[in-house]
Each structure stands twice: as structure tokens, then as C-alpha cells.
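K.L.:
Residue numbers (our numbering), protein chains in the order written: chain X, 1 to 370; chain R, 1001 to 1531.
No wet-lab data here; the hints were simulated from the structure. A few of these clues could be false.
[As the list claims (entries may be wrong)] Derived pair list, reagent style PhoX-like, types lysine-lysine, alpha-carbon separation capped at 25 Å:
#1 X:LYS115 <-> R:LYS1508
#2 R:LYS1019 <-> X:LYS177
#3 R:LYS1021 <-> X:LYS177
#4 X:LYS57 <-> X:LYS5
#5 X:LYS28 <-> R:LYS1508
#6 R:LYS1019 <-> R:LYS1508
[Stated by the list, open to error] Far from chain R, by Cβ distances over 12 Å, these chain X residues were calculated:
#7 ASP16
#8 SER79
#9 ASN198
#10 GLU247
#11 ARG280
#12 ALA289
#13 ASP292
#14 PRO331
[Unchecked claim] Which bits of chain R does chain X cover? Going by a derived footprint, with three or more residues having C-beta under 8 Å, they are:
#15 1015-1023
#16 1027-1035
#17 1106-1115
#18 1304-1312
#19 1465-1475
For glycine and all other residues, C-beta sits at the position ideal for the given N, C-alpha and C.
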Amino acid sequence: MSKFKDIHVIDMDTIDISNLNRQFLFRKSDVGKYKAEVAAKFVEQRVKGVKITAHNKRIQDFDDEFYKQFQLVICGLDSIEARRWINAMLVSIAEESEDPDGVKPLIDGGTEGFKGQARVIFPSFTSCIECQLDMHAPRAAVPLCTIASIPRQPEHCIEWAHVIAWEQEKPFPKLDKDDPEHVTWIYQKALKRAEEFNIPGITYSLTQGTIKNIIPAIASTNAIIAAACCNEAFKIATTTATCLGFENNYMMYSGNDSIYTYTFKHEKKDDCPVCGREARPLEVDPNMALQDLLDSLAVRPEAQLKKPSIRAEGKTLYMQVPQSLEQQTRPNLSKSLKDLGLENGQEVVVTDPAFPLEFNFYLRFKAESS
Amino acid sequence: MTDILAQQTPLSLLGPSDKEKKYDRQLRLWAAEGQAALESANILLINSGPGTAGVETLKNLVLPGIGKFTIADSATVQDEDLGVNFFLDESCLGKPRARCCTELLLELNPEVEGVWTSKDPASLQELLDSPEVFTMVMYSLPLHPGMLEAIEAYGRQHRTPLVAIHSVGFYSYFRITLPGTFPIVDTHPDETATTDLRLLAPWPELSQFAREMTKDIDNLDHHDHGHIPMVVILLHYLDIWKQQHDGAYPLSYSEKTAFRQMVADAMRRDNPEGGEENFEEAVAAVMKHVNLPQVPSSLTEVFEYDHKDEQQAKSSFWIIAEAMKQFYAEHQRLPVAGGLPDMKAESSVYIKLQNIYKDKARQDANDVLARVRKLPGGENVDLVEVELFCKNARFIKLINTRTETPLSLEQIIERELSNDNTAAVVGPEMPFSLIPIYLALSVLSHNPMASADEITAAVCAMAPALKGNERLTQVAQELSRAAGGELHNISAVTGGMVAQEVIKIITKQYVPIDNTCIFDGVESRCQVLRL
Chain X
1 MSKFKDIHVI DMDTIDISNL NRQFLFRKSD VGKYKAEVAA KFVEQRVKGV KITAHNKRIQ
61 DFDDEFYKQF QLVICGLDSI EARRWINAML VSIAEESEDP DGVKPLIDGG TEGFKGQARV
121 IFPSFTSCIE CQLDMHAPRA AVPLCTIASI PRQPEHCIEW AHVIAWEQEK PFPKLDKDDP
181 EHVTWIYQKA LKRAEEFNIP GITYSLTQGT IKNIIPAIAS TNAIIAAACC NEAFKIATTT
241 ATCLGFENNY MMYSGNDSIY TYTFKHEKKD DCPVCGREAR PLEVDPNMAL QDLLDSLAVR
301 PEAQLKKPSI RAEGKTLYMQ VPQSLEQQTR PNLSKSLKDL GLENGQEVVV TDPAFPLEFN
361 FYLRFKAESS
Chain R
1001 MTDILAQQTP LSLLGPSDKE KKYDRQLRLW AAEGQAALES ANILLINSGP GTAGVETLKN
1061 LVLPGIGKFT IADSATVQDE DLGVNFFLDE SCLGKPRARC CTELLLELNP EVEGVWTSKD
1121 PASLQELLDS PEVFTMVMYS LPLHPGMLEA IEAYGRQHRT PLVAIHSVGF YSYFRITLPG
1181 TFPIVDTHPD ETATTDLRLL APWPELSQFA REMTKDIDNL DHHDHGHIPM VVILLHYLDI
1241 WKQQHDGAYP LSYSEKTAFR QMVADAMRRD NPEGGEENFE EAVAAVMKHV NLPQVPSSLT
1301 EVFEYDHKDE QQAKSSFWII AEAMKQFYAE HQRLPVAGGL PDMKAESSVY IKLQNIYKDK
1361 ARQDANDVLA RVRKLPGGEN VDLVEVELFC KNARFIKLIN TRTETPLSLE QIIERELSND
1421 NTAAVVGPEM PFSLIPIYLA LSVLSHNPMA SADEITAAVC AMAPALKGNE RLTQVAQELS
1481 RAAGGELHNI SAVTGGMVAQ EVIKIITKQY VPIDNTCIFD GVESRCQVLR L
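Just chain R, same shape as in the assembly (with noise of 0.2 Å):
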């Protein structure tokens, strides 16, 4: 009997299987899907130097589930591995450093597949030519040339998004190479943000559901009054306000501050709570939510984006922009959002307003389908992914945009100077650029064992403005010091960064950098720059 009932359980009414319950608390920020993405990611690191920020990467993405990941290094473990990487014991004393460290990072998951390798560099070159195809690389800084040629055209060849990470002494930096143009539908804004309630371009249902509430306004009854959605409140004496200006709505600051005092105005102040909680919610919603749709500059870079490859115009991503392009050219309008934030209403009330928003976002969204499937490579497209689209248009990201004329390292570093000397004016408020870390790093890259003369005098050949900085001689001062050695503290920020980036990019939710993270730690802080 019990057995039968069990069986007649909907899945939903039971508890969470044991594996939502071990993810709980991620599957709150990217869900199922950006799990499943998760979980079918393979991952290569290319270890090198102390390696310690590639392993520190590799435990924060073990933990949440990757699916597969591969160590390739050739070192075998030394007593000073021992002090900076926590995946090595003494056990391992003699033992290659890649198989140590993933038998140690496959202890935090069973639920993931870890391999290694350790042959010499001309065995990465096999490793990149077998038919296993990796989701990301990431590789540690220094790197031999030929190896760091070997991984850039892998990169280029399978489109593989790639990681470059240095860390030494106090100071790190890591840089990702997106194979093209990496859009985000899914970017998660800050949830006051994303409500759109179309005040000012209300629809016949929405129009028609407030004026049947507000048409004997006066006579209601305190509770009715007291219980109108502030929705309703607005588009009410909206409706007013365009009788008295000839049709037009409140657009400026002034105009907006007289309609919000009209709207104050009419609260009731005679009922036994000497207010009305309904109005005060009107009154504080007009400066943020009395406003033209607009469509921000995020979308119009959607809109005008000139392809240059064609294999990237045909992604579905790249089929619904062009649709919701056309519904824009024909509706002057986005696709409704869909969504309503929580106001004082009945609940019948509310969850009637609430569907005409709802019904609306579903009609936009089968308009764009209806286009959608018009299109070449149209018909495979899902609604869901469409919906997502619309429901997220005023917050979708392109990354790695190319632009026809990128600024050269050269520009960077005197537009970096000059907004320094702007710092130097403005004070603690505006902190001084971190661009002098990341060339004296990338000096390392080529002669990891420098002298703070021979870093200075590198970083200056490359940029001649940078003689006699005062930063630039610390940070050449602190990387000598270091002579390659990496601070276990800053690798571990480091693979944290680095990881919650790989995560970005693998569910394609959330903003990933675009494209170059610097980080400080004396100072306990970032700078991100497009270089």
C-alpha cells in the first residue's frame, strides 16, 4: 500500500535527491542548466613554474562539479612544493607534481573525472592533437615559447576559450582569449533593476484592467482605496495628468516632481491609519518607473553588430537578435519583460495584474518565435530560449567585441598615466592604475628569474613613459624578491577569480572580464582592462 503511494508522489512533492542537496547552494546562482553546463565542461590546465594558482582553479571548480579535468605538468615534486601548494604532501616527495595534485583534487568530488600527464613539452602537442576536445585551457605563467604557440593555436583552431594565469609574490594577473564575439542573455542584474512596467506605453489590457478599478476612484471605500496596485495608481493619474498637458506625459525632472506631488496628493490622510501604504508606494515608484522604454546601449551594440564570421551569425543567439531587431523596427518597442515586483493589492487583484503582464511577455515572445522561425536556421530555435532573450533584452552583454581600431598597449598605458595624474589630484577616492604590475609581470614571462634593474628597464623599453614611476620600482622591487616564487594567499585569490570567470563562461550566465584582471595584494584590490 505505502508502496503504491510512494510511487503516486509527483516528483515534486518529494524532497531533493541527495546530489541537489550536496549543490544547494550553487544551484541558487546559475540552476539547473548552468549545472548541467558545469558538469559536462572539460577542463585542461597546463601547469607550470610553482604552479600553485592553476591548482587553487582547479579545486574551486572540482568542488561545484566540473566534469572532467586533465593536469598537464612535467614537475616532479620538491620540498618547496610542499610550502605553497595545500594539494601535495610529503608523500609525494620524488612523484610527478600533475598526478599528485590530481589524486589530492580528485578526493573533493568523486562525482568528477580527473587524468594527468607528465611527459615532456613535445607530449602536450599529442595531448592537443587527440580527438578529446576541451572546453577551456588554462595555462601558467612562465611558459616556454614553442608550448605557449602550441596552446594559442589550439585555441584559435577549436574556438577553445583560453585562461593565461600569473601569480608571483604579491602580485598576479590573468587574461582570457575568447575565440570571438561571447554574448550573455543570462547576465542576472540586480533584481530593482529589471523591472519594466510600461507605464508610459501601456497596452489596451493593462489600459482597459486600470480604469475599470480607478473609474469611481472617489467613492471607493478606505479598504478598496487603501488596496489599489500602485500600478493601477499611476496609470490612473497618468491619464489625468495627459488630460491637463495636451496629451502629454510628465517626461523631466520638474514635470515629474509636480506629477509625483499629485499623486501624493490624493492619498487619503481621513482613514484610521492616516495614510495610505498603496499611494506612498505610487508616490516612490514615479522617478525610477515614470519613464520611456528605452533601449540601452548594450542592445543597439546587439542590433548594429556587423558580422565578419559567418559560422557565428547562424548560433540561435545571433537568429533571435535579428528577430527582436525586427519586432523593434516594427513596434518601436522590447518585448514586454513579463515580470511584476511585489505591491500592497488584494491577492486576486494582484495575481490579475500580474497575468496581464505575464500574458503580454507571452504574446511578444511568440511574436519573435513567429520571426524567429522565419529566418535561415530558424526552426530549430526553442521558445525557452527565446522567452530568456525576451525577458532579459535591456541587460544582455556582448564580450570581446572587435573593434576597427583597438587600442595598442601603448595607448592603454598613456590613457593608464594620464588618469593617474587625475588620481594624484582627486586623492584616495580615485586609486592609481594597476597596468605597471602586469607589464613587469610579463616581463617575468620571458625571463622569470629578472632583477628589478632588468624589469624596470624592460618595462620602460616598452613604455617609455613609465621611466622613473615610482609604483613601477616597487612592483620590479617585490618580483625580484619574489625570483618566480608565488604567495600561497595570492594564488588563492587568484584561482578564485580565475574560477568564478571559467564558471561565467562555461553556463554563459553572469558577466565574464573583458578580458585582462590585474590584482594587488598589498594594496587588496583589481583593476580589469582590455589589453
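Extracted from the complex, chain X is given alone in its bound form (with noise of 0.2 Å):
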């Protein structure tokens, strides 16, 4: 409706059930086509004049050449690794960049119930979404003993059901969340086992809510956060009034109690292993295993990563891939960093197959507990 006249829009999910309650470009009879082509189709029919071409598929199917034909780029993904993705194949487009061309203001919003945040960043000049990272820690998992021997939550015995019970029983060749009587499967081995805890609460709802991590969603929030994300396109693409970036770069909505709108800048991290030019430092225990430390960066809420692959200068610690490097450097994984030969101070290098970049860390040994 602000008259942007080229479009693209990538989705690789088809529309669910679910869909339909906030989503006023889906009908019931969509229910199973492509999102993006759907969405397209129906935004060209009722505003004359925009092109708007879909792809139904992966933003990482597309390659920085695909990428730097955009002028700005808009995202609502579901995802912090998908969102951590596309900002670090922006960054790498502004940096290689000679001109300020290269420079694609990302946009960025998301919602969870009646809350909700809209960012601007203008990669590798303003914080980016690796910079802000730890404002969405992962949360705390629940211990693996909790969940096989001393459940005490309907959650417990729900991921009892999905983990422990489907691995031994097998009922399906691969689990489907979405197909019902997977989640019938798991529900009724949760209540079995609630049951014999005295554990009350277990629904259908919760069950598919716990395994599928399902966040509320509704409509108005939708629209206060899509709106913001639009207004700051039309105010970037249009200069007709300062947009979000360089100064205020985030907007927090919350409608749980009354309105609360926090706009303020985030800012840039000289450290951020995307868009800083600094290693960053790793606090570890020297004794700990390699193991140890690579688990670690799948909690730590400054890094996780959850296939790390890791080298210091001159030697390779640990490779996920290929297979011939993994069964060689999978000895290391039981030393510990002193026994690996690594110094107080020393600069690792950490990749993951989820991330196009590489992440540069500094170990600071921790004093040596007595």
C-alpha cells in the first residue's frame, strides 16, 4: 500500500490450519499451498500496478548475487538461526561492497502474543542481529535425569514421550509434529506416564505446544509489527521522515499490561564476530574437555552454535565435516585444552554449517579451581 512496485518474497513453508487466524491473504481453501506464491497472487489481484514474485524456498537456497539485486530487505522469520543467517549475508555484502549500493537496510520484526519488536539495521555501519544476540537467550533446557527418572511438570512427561518413549518404540518410521497421530502417539504415552506420577495437566494442546515450541500468535500484534516494519521501509525508501537506524534502532512493543512502546539504540559492537573486527573472548576452565567447550557454545547466549567445528592456528581441533577430518581430530574431543596444547590468550576460530562466516574468539583461561 505504500506503492513499492518489485517485490520478491521468499517462503519455503505451505499454509496450515493454524494460519488462518492471522493471516488475511490465506483462505481454508489454501490450506496446503506455498505461502509465498499464495500471498503473491492474492496482494497482485487487489493492488494494481505491484509485481511481486515468490519463491518457495530456503533464504539460504540463495546466494550473495541473488541478494545484492534488492535495495533493502524486510524479515519476519520464525527463527533467530534464520535471522542470524541473512544478517551475516548482508553484513558480507556491505563490506565487500565498494559502494554505499552495497549497503541493504535490513528490517527486522517479530511477535510472540501481544508483544512484539521492530528493528533497523544498517549492515556493518549500525548493530546488527549478531550484536544483539543476547537479548534473546536460549532458554534453560530441562536436565535429561528430570526428564527419564524424576519427572514432576506435564512438560516433563510430554518430552519423556517425545525423546525417550518414540526413540525405543519406534510407532512411526519418522516423526511428523504436525501430523496428528504422531501427536496422539506422544500425548497418550505422556498421560500413561503422567498418570503414574500423579503429574496432572497433560492436554493435546500443551503436547504439541511443548514438542513444537509453538508461540502464540494473533493477528493485531501481526499488524502493529508488520505496519512498523513498512513504515520504516517507506520512511528509508521515501526520506520523508527519520527512520529507525543510526540513532533510536529498536522498537519493543508489549500489550500485556496497557501499551508499552521501548524505542532506543542498540549499539554496535566492536567485538561482534559478524560485523566487529575483534576476536571476542571465550572464558573457559583450561582442564575442560574440547567436548566440554563445544557443548558450551550451544548454551552460551553470546555464541549458539550447535554443529561448531573448531581450529587454532596451525592445528585443527575438531571438524564436523568431512568425515575423514571428523574421525581424525574426534580423538581431541575427551583432551583437555591444556593437554591440546592451547595458551591463555591463544585466537580460535569456531564455524558452523548454519552460519556463512566464521567466528573469532580469544581463550581467557579462568584461574585454576583448587
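From these two lone chains plus the hints, build me the complex, please.
P.N.:
Structure below.
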């Protein structure tokens, strides 16, 4: 409605019935079709003079040459991993580019229930998604021993059915969390386990919510955030008013208790692994095994890397791929950092297949515990 | 055979219905009760001007399944409408705008009913006089003064909440007029805030349970010691603390710090793990949960509320509030909320402890219910409602309460400008007031095409303190540039915010604004003021 004439939309998902409570471009008869395609067609039909190209693909299926054709990118992604990927892509395009056209403003929106946020990033110039990563700390996982032997909450029973019972019994060849039969199997297993331990509160809805990590979503919040993002795009394209970006760059919205917005400037980090130039400190115990260090990378708020490979100057410590290298480096996992010859202050490079970049850290040894 | 089996399957074991699947993502927010309230709501939108914000609001209400809506709008679709209203297309040109928007909105959700009227203002009176009962009435500004009076009169007569919406250029505001004090029980506080452990006021069953578990605490094996629930650990060491301090609890910050150290020192470190998770949980809980239970000011306001409106006092909320007040007067504490957060413990021990809290909560709720029954009108109050009231007592809120001496607009402006003086010194941490936007927009309610100078002059006539205010000048320029036009994005943000508020009022869940929200699309922020 702001008169942008040429829009591309990328979405690999197909329409689920649960999208209809907030998606004004989809109808019941569209369930099962590609979201990008249906949305593009509907808007082209309703609004005259706009060309919308749909891509029923993952954002990672496209390379830098593809992304270079755009003036700005808006994302409404459902995971932090996907946000980090597109962010890294746009930062690398901006850094390689000789002229200002290489800087593609990134506008990001997200919602949860009555809350949401909209932020604007000028890649390589202002605080990027990686700089802001610690604002989305991963939720603490329930220890496996609780799930396996001392459940107390309905969610513990559901996780038991989902992880342990499913592995043992393999009722279907592959778990499909959208298949009601599969969810029902988990639900009934969880219900039985909960009865054994006298734990109340297992429902189908809770089962589905727990295994799929469902986030509540409503039309009104999505309207607020989507329109706030479009408003920023409009201001950037027309320069009719100051956009978010160089001063304030982040708007948080909460509608739970009255309405509260907090619009502020998130500062760029010099040691951001994506847009900064400096290596970051990684606090470690020299006696910890390499495996423990790698595991910790998944949960450290500043890293959140699930499949890390790691190397130090001159030596490969552990590589996930290729297989031959994985086998060669696997024995290192049980060795301590000290035994691997790593020193306080030494730089290490971590890579992860989910991100098109390298993370530079330097080791900072904790004082040895006595 | 399979038929019989299917019939025997209890309802809970069947998957969700199609409707539950469609509304799954919102049922997780407002549950079946909230959804039922939405589905029985009937909303009237009186549209004027470009009317985009109103239609965008309806979109956000049709999708989640509001019962019925009516659009009253006398406009005929023009070319310029197509540029700002997504619920119109080329085929609508020359047709009644109310009808076209209604039809395209209805496509979004077949379960919603929608009707329209496009006759002149006189027909609005007819609509308001009809037997149809509207749950809420929304209207977009600017509006003919006669129509505005008719709507306000309707709101007063039928005790119907009203929402005024005004969106021009990069700015907007909306204002909610509620018919009286609006209490909310189901406020959905953050889960972390709701824990109510009563560590400093344990009841006999709880104390007994804790003593039983800890009577031989030093001789427990590592496994048992490492699985004492943190609530029991804290109760045990609070007992010891009391013995050492003439029966007094640790209440001051320094006492609590010392108590925390006492708990930390009791952790075993000679086990294979070199520490204990349950003791770590106990240490972490000291500052937050070793507290005397208090009555929050929001609940005091409920207890001390002076009813001027007898009709209102007869509602079940106020009957339960009266019973709760009696409960508090007698017991000098609020009913136990009943929830227990997860903590390291053996399953059976945790469940026992959970039941001790639940039983106490049930007992307290029954105590309150017995008092409710003795009050006039209390015989019809539902236990479920009493239980929810008890569970949420600390988070109950009153919106739109009358004050003896409400601030005049002038006083509010003065306060806002004085805050601005502070903001100028503090810097970006404290944003400037958005009241100039509200004042400038309210000028446009009477004179939609006012020039920047006319807007500034009219605002300064209302609020002389704003003379020479730079931000007022900027707002006036933007509004006159827009010449009454809406920017789709601003109206879409506004429509989203209004819809959230309408949902909160209809479902009586979460906390609605009190009472005006101003949005600044240049700075991308809003401010809520009571005006």
C-alpha cells in the first residue's frame, strides 16, 4: 500500500490451518499450498501496479548475487538461526561492496502474543542482529535426568514421550510433528506416564505446544509489527522522515499491561563476530575437555552454535565435516584444552554450517580451581 | 467394532476440532473463555474520512473470530480510497464503501457475520435506536459534531465502551471511554511474578511436611539430601534462623544476605557433583521469596473502593471483592494462590508439596466463597470465579476509576511539559511527551483541513505554554501536509493497537489502556495518557 512496485517474497512453508487466525491473504481453500505463492497472487490481484515474485524456497537457497539485486530486505522469520543467516549475508555484501548501494538496510520484525519488536539495521554501519544476540538468550533446557527419572511437570512427561519413548518404540518411521496421529501417540504416552507419577495437566494442546515449541500469535500484534516494519521501509525509501537506524534502531512493543513501547539505540559491538573486527574473549577452564567447550558453545548466549567446528592457528582441533577429518579429529574431544596445547589468550576460529562466516574468539583461562 | 471403539474414546483423547486448530495460536493466549466472549461480541464501526484505521481494526477482529460487526459509512468509493484501503479494489469504484469493505472483510473468516449501512447521518440515529445491542462502538474522527453527540449518548445510556480513532499522516491517537470502573481479574501477569510460597507465614500442614523431611537432615544420604525441595530447605533454615534470633525472621537486606549465606554454607560439596542443585535453587530464591506477604496497592484500591454506582456494586466481581476484604480482615493475609514453581525434587515429594499448596488454596477459596454466599446477590456467584479471583488477587487491576479531583487538560499539559524539561537534561533515555500530537490532532477534529499556522494557533489557545514549542511546529507541519489523509502503515499500526485493546476489553483479560494512546510514526513509539 506504500506503492513499492517490485517485491520478492521468500518462504519455503506451506499454509497450515493454524495460520488462518492471523493471515489475511490466505483462505481455508489455500491450506497446503505454498505461502509465498498464495500471498503474491492475492496481493497482485487486489493492488494494481505491483509485481510480486514468489520463491517457495529457503532463504539459504540463494547466494549473495541474488541478494545484491535488492534495495532493502524485510524479514519476519520464525527462528533466530535464520535471522543470523540473512544478517551475516547482508553484512558480508556490505563489507565487500565499494559503493553505498552495497548497504542493504535490513528491517526485522517478530511477535509473541501481545508483544513484538521491530528493528532496523544498516549492515556494517549499525548494530546488527549478531550484536543483539544476547537479547535472545536460549531457554534453559530441562536436565535429561529429570525427564528420564524424576518428572514433576506435565512438560517433563511430554518430553519423555517425545524423546525417550519415541526412540525406544519407534511407532512410526519418522516423527512428523504436524501429523495428528504422531502427536496423539506422544500425548497418550505422556498421559500414561503422568498418571504413574500423579502429575496433572497433560492436554493435547500442551503436548503439541511443547514438542513444536509453539509461540502464540495473533492478527493484531502482527499488524502492529508488520506495519511498523513497512513504515520504516517507507521512510527509508522516501526519506520523508527519519527512520529507525542510525540513532534509535530498536522498538519493543508490549500490549500485555496497557501499551508500552521502548524505542532505543542498541550499540554496535566492536567485537561482534559478524560486523566487528575484533576477536571476542571466550572464558574457559583450561582443564575442560574440548567436547565440553563445544557443548557450551550451544548454550552460551553470545554464541548459540549447535554444530561447531573449531581450529586454532596451525592446528585443526575438531571438524564436523568431512567425515574423514571428523574421524581424525574426534580423539581430541576427550582431551583437555591444556593437553591440546592451547594457551591463555590464544585465538581460535569457530565455524558452524548454519552460518556463512567464521567466529573469532580468544581463550581467556579462568583461574584454576583448587 | 471400530465405531463402538470410537464412541468409547473419551473426548479428551480425540485430537482438536477444526475450529480449535484454526484458533490454536490465540487460544493459547485467551483460552476458550476468551474466545467465547469474542464470538458473542457485536462491534459497530462508524467510519468517516479515509477510514483506513477503522477497517484495519476490523480486519484484526474478524480474523480471530469476532461474532458480528456493522460498518456505518456514508462514503462512496473513490480512486483515492484504493490507495489507502486494502479492503477495496477497482471493481468497488462508485459503490458504497461500507458495503465493499464489509464484503471483503467477510472473506477473511466465514464464521463472522457482517452488515453495513451507508445512509446519511440520520440513519445512524436509527441504527443506535434499534434493538440491536452493540458490545463496543468504534468511530473514526473527524466526525460531524451531531453524530459524535449521538454516539456518546448511546455509550452513556447502554453502558457501552466507545473507541475514538484519529489517524493523519505520520501520527495517530485513539481513546477509550469505558462506562464505569473496569475491573480485570485475569490480568496474565508474568509467570515469574506469580510465585506465592508463604515462606514467612507457613500453615501447619506445610510446616509439618518440611519438619518431617528435615528432622534428620544431616544424616540423609547424598541422594536424599540433594533432592530436598528448595521450599523445604528454606523453611528448615528459617526455623533455625528464628531460633537463633529470638523468633524473628530475616527481613532487612543485611539479614537476608546473612540468611542466604547460611543456606549456601549448608550445601554439601563433598558429594561427587561437588555441589547441590536444590541448594543452589534455595540460595537463588532467598531475596525474591523470603518476604512477608503484602497487599499490593492495586488490591488496596479494590478494598477501599467507594461505590457511587449501586448497579455496579451488585456485579459478581464486587461481591467477591467484599468477601475477600472480609477474609483479609479476619486472617490478615490473602488467600494462597496455590501454584508451585518447578524445583529439583523427587516426583512423589514434589507432587505432595504441590498438593499441600493446592489444598490450602482450595480451602481459602472455599472460605471466601462461604462469605460470598452470605452477601446479597452472592448465591449465584460461581466457585470458578472465586477461585480465579483468589489465585490472581495480587494482580487484580481497576481501570478507569474516578478520582475526586481529576487533572484538567491544562494540568496534564503542564505536567508533560515539565517532564520534557527534565527529558531535555536526561537525554535519550527519557523521551519527550507526545501530547502535542494529541492536541494538534484534536484541532483537526473540528477543522480537518487546517493549515500549520491554524493548528499551532488553536493548540496554543488551549495550551499557552506550548507557544514556540518546536515539536508542536513540526507536528502541525506534518498534519497540514497530510491534509486529512491517512498513511496506510500508520493506520495499520493503529488498527493493530486498537484491536488488541478491544480484545482485552471484550475478553476481560490482560490490561487495557487507561485511556488514550498516542502514536508517533516518525519516532516509532507511543505514549499512554489518561485524558
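K.L.:
Decide, hint by hint, whether the structure agrees.
P.N.:
How the hints compare with the structure:
1. X:LYS115 <-> R:LYS1508: holds (18 Å)
2. R:LYS1019 <-> X:LYS177: holds (19 Å)
3. R:LYS1021 <-> X:LYS177: Distance ~14 Å between R:LYS1021 and X:LYS177 Cα, so the pair holds.
4. X:LYS57 <-> X:LYS5: holds (22 Å)
5. X:LYS28 <-> R:LYS1508: Status violated; Cα separation ~29 Å.
6. R:LYS1019 <-> R:LYS1508: holds (22 Å)
7. ASP16: violated (8 Å)
8. SER79: Holds, because the least Cβ-Cβ distance between X:SER79 and chain R comes to about 16 Å, which exceeds 12 Å.
9. ASN198: Its Cβ does come within 12 Å of chain R, the nearest being 5 Å, so this is violated.
10. GLU247: Its Cβ does come within 12 Å of chain R, the nearest being 8 Å, so this is violated.
11. ARG280: holds (27 Å)
12. ALA289: holds (16 Å)
13. ASP292: holds (15 Å)
14. PRO331: Non-interface label on X:PRO331 holds, nearest chain R Cβ at 26 Å vs cutoff 12 Å.
15. 1015-1023: With 7 residues closer than 8 Å to chain X, the segment 1015-1023 of chain R meets the three-residue bar; holds.
16. 1027-1035: holds (count 3)
17. 1106-1115: The restraint on the segment 1106-1115 of chain R holds, since 4 of its residues have a Cβ under 8 Å from chain X and three suffice.
18. 1304-1312: violated (count 0)
19. 1465-1475: Answer violated; 0 residues pass the 8 Å Cβ test.
The structure does not agree with the numbered hints 5, 7, 9, 10, 18, 19 stated previously, though it agrees with the rest.
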